[in-house]
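**Student:** Residue numbers (UniProt numbering): 1 to 388.
Don't read these hints as lab results, they were simulated from the structure. Incorrect hints may appear among the rest.
[As the list claims (entries may be wrong)] Okay, derived cross-link-like pairs now, PhoX-like style, lysine-lysine, Cα gap no bigger than 25 Å in a straight line: (1) K76 <-> K199; (2) K70 <-> K81; (3) K181 <-> K76; (4) K76 <-> K24; (5) K14 <-> K64; (6) K159 <-> K121; (7) K188 <-> K215; (8) K78 <-> K199; (9) K131 <-> K64; (10) K131 <-> K121; (11) K199 <-> K159; (12) K24 <-> K78; (13) K188 <-> K131; (14) K78 <-> K188; (15) K156 <-> K81; (16) K356 <-> K309; (17) K356 <-> K241; (18) K188 <-> K199; (19) K24 <-> K131; (20) K181 <-> K215; (21) K131 <-> K16; (22) K241 <-> K188; (23) K64 <-> K241; (24) K156 <-> K76; (25) K131 <-> K81; (26) K16 <-> K70.
[Stated by the list, open to error] Pairwise CB distance ranges, derived in the manner of DEER restraints: (27) D110 <-> K159: 43 to 53 Å; (28) R183 <-> T361: 25 to 35 Å; (29) K16 <-> R183: 39 to 49 Å; (30) S173 <-> G227: 33 to 43 Å; (31) G227 <-> D110: 50 to 60 Å; (32) L171 <-> G226: 30 to 40 Å; (33) D261 <-> H59: 20 to 30 Å.
It should be emphasised that the depicted structure is a prediction, and the values quoted were computed from it without experimental measurement. Even for Gly, the Cβ is constructed at its ideal location relative to N, Cα and C.
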Amino acid sequence: MFSGVTGLINRGQKIKGTVVLMRKNVLDINSITSVGGILGTGLNLVGSAVDGLTSFLGHNIALKLISSTKADGTGKGKVGKDTYLEGIINSLPTLGAHESAFSVHFEWDDEFGIPGAFYIKNFMQVEFYLKSLTLEDVPNIGTIHFICNSWVYNSKSYKQDRIFFANHTYLPSATPAPLVKYREEELKLLRGDGTGERKEYDRVYDYDVYNDLGKPDSGVPRPILGGSTLPYPRRGRTGRKASAKDPNSEVPGDFVYIPRDEAFGHTKSSDFLASGLKSVAADVVPVLTDAFDGNILSLEFDNFQEVNKLYEGGITLPTNFLKKFAPPIPVLQEILRTDGEQFLKFPLPNVVQVDKSAWMTDEEFGRETIAGLNPNVIRILEASLIKN
Numbered sequence: 001m002f003s004g005v006t007g008l009i010n011r012g013q014k015i016k017g018t019v020v021l022m023r024k025n026v027l028d029i030n031s032i033t034s035v036g037g038i039l040g041t042g043l044n045l046v047g048s049a050v051d052g053l054t055s056f057l058g059h060n061i062a063l064k065l066i067s068s069t070k071a072d073g074t075g076k077g078k079v080g081k082d083t084y085l086e087g088i089i090n091s092l093p094t095l096g097a098h099e100s101a102f103s104v105h106f107e108w109d110d111e112f113g114i115p116g117a118f119y120i121k122n123f124m125q126v127e128f129y130l131k132s133l134t135l136e137d138v139p140n141i142g143t144i145h146f147i148c149n150s151w152v153y154n155s156k157s158y159k160q161d162r163i164f165f166a167n168h169t170y171l172p173s174a175t176p177a178p179l180v181k182y183r184e185e186e187l188k189l190l191r192g193d194g195t196g197e198r199k200e201y202d203r204v205y206d207y208d209v210y211n212d213l214g215k216p217d218s219g220v221p222r223p224i225l226g227g228s229t230l231p232y233p234r235r236g237r238t239g240r241k242a243s244a245k246d247p248n249s250e251v252p253g254d255f256v257y258i259p260r261d262e263a264f265g266h267t268k269s270s271d272f273l274a275s276g277l278k279s280v281a282a283d284v285v286p287v288l289t290d291a292f293d294g295n296i297l298s299l300e301f302d303n304f305q306e307v308n309k310l311y312e313g314g315i316t317l318p319t320n321f322l323k324k325f326a327p328p329i330p331v332l333q334e335i336l337r338t339d340g341e342q343f344l345k346f347p348l349p350n351v352v353q354v355d356k357s358a359w360m361t362d363e364e365f366g367r368e369t370i371a372g373l374n375p376n377v378i379r380i381l382e383a384s385l386i387k388n
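Please build the complete structure, drawing on both the sequences and the hints.
**Tutor:** Put into structure tokens, the structure is as follows:
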């Protein structure tokens, strides 16, 4: 009788949740192919649709819980009803820059069981970065965390609804039965089937040989790298159309496919853009030389001290020059500071923060070799070349 009363009490209960997401950054280098492209075409600033993203929420983002303990007729976990984001939570202390938290309430009863995953649909044309979902006061469980860290595009971009699983790891043999098919479907999707052309929003980890290095249709063929005899190197498969003159070669393209969640995050993107623009700015130095009344700025390094100056002080520009020419873009204003300091100043590498000569040691040389661009070139020293 007690369990029956409990069931009546729990039936119709709601589970409170908190969704944390981040808007698509107005300075999104992930959608820009190169620093040169930025300078050539201008920054790709996202318009008012992104700036007013929070005003479009509500019924534009839908979530559905999936049970990890109760199955439907097909053996898959039961799926709850659509639930939509509610009000903004401004008091969450863990929120970072550009992040927003929203409350959400899911219907729940004893027949649903314990949530182990959830579906999410984005009905907006603009993608957002989903950081997490936290369920509170789940009966018999307490708190359940879903660490997502993934970009979610418009629902029409996906063949299957985006699914996220609770922050709990299982061995394959210990995975709750109602979640097994969901996990298998997600793994199959991530592996890809070797067909179709990859798009920006894809998350497929599929590989191919390097057959897009040359331009056979323009009379500039290149040999294919990789294959059955030499399986490496490999590249991310793009699925572009084949060359007309060489069906084994793929037509090269400007878009380099990377699974969306593997692209630079907004913080790394800003750092990359800042450093890239500082490097490109070397082309501007001759122009600055003429503008600074014959103050010659050498484009060559005569000694290591001149290299160190890039990390210590950069180049000081006249204040009136910066006020006149510094663009009204935050990251560029940081590069061209309005006080005239630190122009072309690069961040000090960690290896020389303690000792400026540390990069000359054998230990650092070995570390850089191991952590280099291609550690596969390292070979075991099989014979000593030094005779005592």
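**Student:** Of the numbered hints stated previously, which ones are contradicted by the structure, given in increasing order?
**Tutor:** Result: hints 1, 4, 7, 8, 12, 17, 20, 23, 27, 28, 29 break, sorted rising.
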